[in-house]
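Protein chains: 6
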Amino acid sequence: MSDALQKGRDLLAEMNPGLEAALASRYDATIPDMAETLVEWAYGRQYAREGLDLRTRQLCTVAALTAMGGQTGPQLKVNIEHALAAGANEREVLEVIWQMAIYGGMPAAINGLNAAIEVFDRAA
Amino acid sequence: MSDALQKGRDLLAEMNPGLEAALASRYDATIPDMAETLVEWAYGRQYAREGLDLRTRQLCTVAALTAMGGQTGPQLKVNIEHALAAGANEREVLEVIWQMAIYGGMPAAINGLNAAIEVFDRAA
Amino acid sequence: MSDALQKGRDLLAEMNPGLEAALASRYDATIPDMAETLVEWAYGRQYAREGLDLRTRQLCTVAALTAMGGQTGPQLKVNIEHALAAGANEREVLEVIWQMAIYGGMPAAINGLNAAIEVFDRAA
Amino acid sequence: MSDALQKGRDLLAEMNPGLEAALASRYDATIPDMAETLVEWAYGRQYAREGLDLRTRQLCTVAALTAMGGQTGPQLKVNIEHALAAGANEREVLEVIWQMAIYGGMPAAINGLNAAIEVFDRAA
Amino acid sequence: MSDALQKGRDLLAEMNPGLEAALASRYDATIPDMAETLVEWAYGRQYAREGLDLRTRQLCTVAALTAMGGQTGPQLKVNIEHALAAGANEREVLEVIWQMAIYGGMPAAINGLNAAIEVFDRAA
Amino acid sequence: MSDALQKGRDLLAEMNPGLEAALASRYDATIPDMAETLVEWAYGRQYAREGLDLRTRQLCTVAALTAMGGQTGPQLKVNIEHALAAGANEREVLEVIWQMAIYGGMPAAINGLNAAIEVFDRAA
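Residue numbers (the numbering used here), protein chains in the order written: chain E, 1 to 124; chain G, 1001 to 1124; chain R, 2001 to 2124; chain D, 3001 to 3124; chain H, 4001 to 4124; chain U, 5001 to 5124.
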């Protein structure tokens, strides 16, 4: 196992323990190694890096997915959950999303707020 | 003057004191009130909000502009400078940009790294 | 109240009288001042400007939301209604959307046509 | 009838014989000549060109729609079907989609995989 | 020659008489029929349609290209010229572009303003 | 060294032997492991996969980068070179790019053609 894969798994053990198995069960039969690749690349090679704390990393991801528009809705919701798990509070998540109206436009920001409200309601 | 415009001006007095005058001199003759509108909306109504610190706000902007792609190059550079002014260090800016390879793709991240290196070199 | 906020409210009183209250009731508890900010910025600072008639402004918004793609579907539908309220007819709305196939691509145009047909059917 | 329209119809007679009639019945009453225009432009002037085989053309379309993001979901599904009709196999379609994670980002690739799995399940 | 190609040529004879020849000389040796296809599709099948006046069509194009971002800079400039040729004035072009800050974000609108100022300066 | 990193290096040894060193020299001092990560992820985990030949993979990348728009210009040029290195001819590259007018719009396709012509001229 590569170092990066191990680091990714270690990080997910805290943040979202079932993610790799869920990906593997849905995708690996048709697209071999998909789950392992995603964990190695996104978590091992990126989120596990030094130089920036995980809470800020996750808020930046929420910002980017909001600004890129609603087509990434499912991933925005997962990353809102990850931002909360990394120590951000709900207000901070909403502030990041609303600020994106300057860059991604008003529709993208409103779609992002709706995604966040849905995540918070589900968790309540 | 609206409260929001005042708040925006107060914030820019610290972050980028010449911005409103520069915008006014370039745009207001042809598109009246452009500078004032931008300060009121982007700085007064958004960056001056409570609920999230300015450093995180600026890193989130860097994230979004990177992920949206290189067409926002000039604005990305301005906001990298704002992120440094708000207390982020160069490594944090680079980490945010590189992480965007997961969401905006590898070309967007590389273009973002190039923009940051240019800003840092200019400042050096 | 800022001038821009007042202008935005005056404009919405004709175009979509319930919009600010609907936004406030959905968003303001979690993201304070969201509704007021949107009215001030989008309607007071933009749609209420002189120099271009409201019907053309709304058709241009329909064009942009279509070309940017279907992730802005809910906002595209609201702005199709606003375009009709500003004096455009259904054929003009469809022509604008279909023309966007040149710029946003065929899928974006077809998704836009579907959104328009849905709005017109609902109104019928 | 233009040569291009004829070429487009000839090509669709093999790939998707009902497409022009389906488009005409849904759109032509409100946006005259829409179906004919699409067939002439997209199939007659593009897919019927020489210089590249149809299977590669369709895989390239799957790549682009995936990378552009989930807002083109319905069109992505139609073009996955067209790629299979042009001789690509399911694995090739999935490989193209997954590779787009490098360019359009991980969320776009995952949304694309989900679209493909839906098409394959429906066909099974 | 198809009807659509003839209509496209008739329209360009008024708006931009050298366009087809310029495209043909640059592209047709390597990508046969490129110029003819563009004229037939974009001008004959779209801009020459009834149901909406050319001035509004061109302003809608300016709106869309602005909102889609600066990667379409060269085409934005050509279409600003076409909008002026179709009877729009400079102020109307700028208003359309500035309004796009609501939908495509502030950087896209500012890049659009810069493109317009460049076109107007060149013409002066 | 991970298997994926080795596979990526083996592939690049044929396609673009200097790429990793060039990336390392430009980026690794400021963003540690950038070059290694890119080779492992993009080449080892993606282009080196089985299930689709490299020529088709590279043409699909050209398609996606064209449709996503000109902000990825530098990467589009590199991948046009990779497509030629993988066995595609110039005409095939141009056909893929031009076809993208259907999906990414006419401006994106024209910008793509210009990028390809520049690559071919440089090589001539």
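Don't take every hint at face value.
[As the list claims (entries may be wrong)] Pairwise CB distance ranges, derived in the manner of DEER restraints:
id, chain 1, residue 1, chain 2, residue 2, range
1, D, Asn3016, U, Met5015, 32 to 40 Å
2, H, Ala4029, D, Asp3033, 27 to 35 Å
3, R, Asp2010, D, Asp3003, 32 to 40 Å
4, D, Met3001, U, Gln5006, 56 to 64 Å
5, E, Thr30, H, Gly4051, 40 to 48 Å
It should be emphasised that the hints constitute simulated quantities derived from the structure, not laboratory data. Here a beta-carbon is modelled for each residue, glycine too, at the ideal position from N, C-alpha and C.
Now the hints, each set against the structure:
1. D:Asn3016 / U:Met5015: 32 to 40 Å: At 36 Å between Cβs, range holds.
2. H:Ala4029 / D:Asp3033: 27 to 35 Å: holds (32 Å)
3. R:Asp2010 / D:Asp3003: 32 to 40 Å: The hint (32 to 40 Å, Cβ to Cβ) is violated, given that R:Asp2010 and D:Asp3003 are roughly 56 Å apart.
4. D:Met3001 / U:Gln5006: 56 to 64 Å: Given range 56 to 64 Å: holds, Cβ gap about 57 Å.
5. E:Thr30 / H:Gly4051: 40 to 48 Å: holds (46 Å)
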